[in-house]
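Chemist: In case you want the letters, here they are:
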Amino acid sequence: MSEMLPRPKPRDAFKRSLRAQLMAQAPSVLSPRESAWSRMTGAFLRPALRPAMVAAVIALLVFASAGRAAAASLPGDAAFGLKVAAEQLQLALALDDTTRLRLLAEQTDHRLAELAEALSTRPSAAPTATDAYAAAVQRFTEALDALRGKPGTSADKQTAADDVVDAAHLKQEAVLDELEKTAPESAQQGLERARKEADKLHASGRPARTLEPKDTPEPNETPEPARAPKTATPTSAAEPTRGSSPTDHR
Amino acid sequence: MGELPNSRTEDVVSSAEREEDAALARRAGSGEAEAFGVLYDRYVDAVYRYVFYRVRNEAEAEDVTSDVFMRALRAIPKYEPRQAFLAWLYRIARNAVIDRSRRQGARQQVSFEDALAHPNADQVVNPDAGLLAGSDASVVRVAMQQLTPLQQEILVLRYVEGYDTKTISKLVGKRDGTIRGIEFRALSALRALIPSREAL
Chain G
1 MSEMLPRPKP RDAFKRSLRA QLMAQAPSVL SPRESAWSRM TGAFLRPALR
51 PAMVAAVIAL LVFASAGRAA AASLPGDAAF GLKVAAEQLQ LALALDDTTR
101 LRLLAEQTDH RLAELAEALS TRPSAAPTAT DAYAAAVQRF TEALDALRGK
151 PGTSADKQTA ADDVVDAAHL KQEAVLDELE KTAPESAQQG LERARKEADK
201 LHASGRPART LEPKDTPEPN ETPEPARAPK TATPTSAAEP TRGSSPTDHR
Chain W
1 MGELPNSRTE DVVSSAEREE DAALARRAGS GEAEAFGVLY DRYVDAVYRY
51 VFYRVRNEAE AEDVTSDVFM RALRAIPKYE PRQAFLAWLY RIARNAVIDR
101 SRRQGARQQV SFEDALAHPN ADQVVNPDAG LLAGSDASVV RVAMQQLTPL
151 QQEILVLRYV EGYDTKTISK LVGKRDGTIR GIEFRALSAL RALIPSREAL
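Going down the list, the sequences are from chains G and W.
Heads up: the first sequence begins at 1 in this note's numbering, then just goes up one per residue.
Heads up: the second sequence begins at 1 in this note's numbering, then just goes up one per residue.
Please keep in mind that the hints were generated in silico from the structure rather than gathered at the bench.
Errors might be hidden in some of the hints.
As the list claims (entries may be wrong) - Once the Cα atoms are required to be at most 27 Å apart in a straight line, the calculated BS3-like pairs of lysine-lysine come out as:
{"#": "1", "chain 1": "W", "residue 1": "K78", "chain 2": "G", "residue 2": "K15"}
{"#": "2", "chain 1": "G", "residue 1": "K196", "chain 2": "G", "residue 2": "K171"}
{"#": "3", "chain 1": "W", "residue 1": "K166", "chain 2": "G", "residue 2": "K15"}
{"#": "4", "chain 1": "W", "residue 1": "K78", "chain 2": "G", "residue 2": "K171"}
All of these numbers come straight from a predicted model, not from anything done at the bench.
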């Protein structure tokens, strides 16, 4: 194939319509969301909650020094338990499902960062770090399933959940790409496992977003499953996972 | 399998464009919708082309392109400019295509005969193009559905967008040699799938 393939162009009407839709949605999508911090400071200013918040701050200061050691710990270290306990406390204090989901996404980020750290500084800790990452992804996907299956979950919440999953997946895929390029050969197997875990964030099974109804129905269109079963890995005969062959199956 | 005569050896975009994109993305991320509109105008064609050969028809290509930009709109506050904006969009597009094919279950058997029976006369390629002689975009697309997602992606980046191997390796996060191997196998598979003009 020494020549270029034709370069198709989208219809002008389609481009205009999509642009209009994006511009219509942009103000609400791009408006700054209330952060966990602003919610917490807001709560602190409420008189009824002030004593509890003061107690929490004091407890936080007491544990701060131990926390510093825990923050630098890797899965398998003695101080790592403290780090996990702090994360569980954060989760318990989450005000709503979306915040909880966001915290779980952050925890998967932390586990992946620890895996990267283990690969570069302490390869013997890498298998434990991979296990910890897999467990974090599992907790995240379980919370996502629970949120989606919860009766009365609003479309806004669903969209917010999709945003969290998309962002987490994109970020973690980028980190794994970098690691794959730099990690030693001996670590590649562990990375492949981590990659498979990250792929589980991908099997979100969200309904396709369409701009406008099509004039003619698509005869081959099949109904979309509400969500891929959790036990199903992203592999199939037709679409192998990344790295399932030495090069091209991704 | 050398470089194409007109292959693009520069990075995905020039550094000036990249800085401009980063500034637009920052403005969009802080709530300026029109900045996102400018990025959309700049890259909608590229995203559509990237998707076009990886789905079954134009309607699907439009759906996936819409999905890509909706995802990009929601994710832009978290965009980090160390990655070129177009490369970031390609990554979102790759995920959108994979998500769609997963939702559709096992890859459906598209009718190769149908595609041959309704060629799109506007898109017939140069008859000198060895492998593609007598083929049109719809035939190539149907054949490409039989390839793995990564093979499809590499062929599109190389033969539609015209990127060289080094640039593609950066875009998909694989080594140069790996890209060449995948391209070779993808072309071999396409040779078996696309009939010659005589066969038609």
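Chemist: State for each hint whether it applies.
Modeler: Each hint tested on the structure:
Pair hint W/K78 plus G/K15 holds up; C-alpha atoms about 25 Å apart against a cutoff of 27 Å. At roughly 15 Å between alpha-carbon atoms, G/K196 and G/K171 fall within 27 Å of each other, so this suggested pair holds. In summary, the hint linking W/K166 to G/K15 is not supported, as the alpha carbons are separated by about 31 Å, beyond the 27 Å threshold. Between the alpha carbons of W/K78 and G/K171 the distance comes to roughly 9 Å, so the proposed pair stays at or under 27 Å and holds.
When the structure is compared with the earlier hints, a violation turns up for hint 3 alone.
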